[in-house]
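Visitor: Each protein sequence line maps, in turn, to chains A and B.
First residue of the first sequence? That's 1 in full-length UniProt numbering, and the numbers climb one at a time after it.
First residue of the second sequence? That's 1 in full-length UniProt numbering, and the numbers climb one at a time after it.
These aren't lab readings, by the way, just hints derived from the structure by calculation.
Hints are not guaranteed to be accurate.
Remember, identical chains collapse to one label, so a pair may be satisfied in a single copy or spanning two.
No more than 30 Å apart at the CA atoms, straight line, and that leaves these computed lysine-lysine pairs for DSS-like [said to hold, decoys possible]:
1) LYS37 to LYS58
2) LYS84 to LYS58
3) LYS104 to LYS37
4) LYS104 to LYS35
Number of protein chains: 2
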Amino acid sequence: MVKKFNTLERVKRLDPIGGKGELESIALLSPEEFKGKGRMFAHNFLKPGSTIGLHTHKGDFEIYYILSGEGIFVDNDREVQVSKGDVLITYDGESHSLKNTGDKDIEFLACIIYS
Amino acid sequence: MVKKFNTLERVKRLDPIGGKGELESIALLSPEEFKGKGRMFAHNFLKPGSTIGLHTHKGDFEIYYILSGEGIFVDNDREVQVSKGDVLITYDGESHSLKNTGDKDIEFLACIIYS
């Protein structure tokens, strides 16, 4: 099955997950296409100065893969500077947030898989 | 959990899966880190002229997300030109291959999830 790029929708979310600012998101798979194994596989664009709010995963785990940009990732109780190529894993029961501290979008892949 | 880019290993594979040429692969998750839900999440670089051989998925499904480059994807019994932003899904029981027809690497994310 091939989904061509020009058929994918790019959606804006304000103050994502209780954060602030703006996140644009291209869903690469629909929940149905995930066949019950996960609920998100997306290419995200977190705008400069924007934050995805701190939240806890329950019943699933999430992987971020940073494609470009710079920010601060909250990994439970610690803060980590992150940039291109870093892999950020938040397991079931753990919490995370991401703040864009640079002057360009943070582009990242996000994948949520059920536990 | 944060895995910094400079700690990730980039591995070369010749004639990948019965194909020809060279694939470089950075594993973003180890099988253990996938918690039994999948077996690969990787950033791949398929060299110009190289091909990942045609193979059938059994017991899992795979998603490719093209980051850059151009090629021909075999999606079961049809050939599709693919490029940046395209999403290629091969479900359990289906077959695929990928050939780089351009003059630069095809960079793509590959994720294999158990059915």
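Visitor: Evaluate each hint against the coordinates.
Guide: Hints, verified against the model:
no., hint, verdict
1, LYS37 to LYS58, "both (15 Å within a copy, 16 Å between copies)"
2, LYS84 to LYS58, "within (27 Å within a copy, 33 Å between copies)"
3, LYS104 to LYS37, "neither (33 Å within a copy, 34 Å between copies)"
4, LYS104 to LYS35, "neither (34 Å within a copy, 33 Å between copies)"
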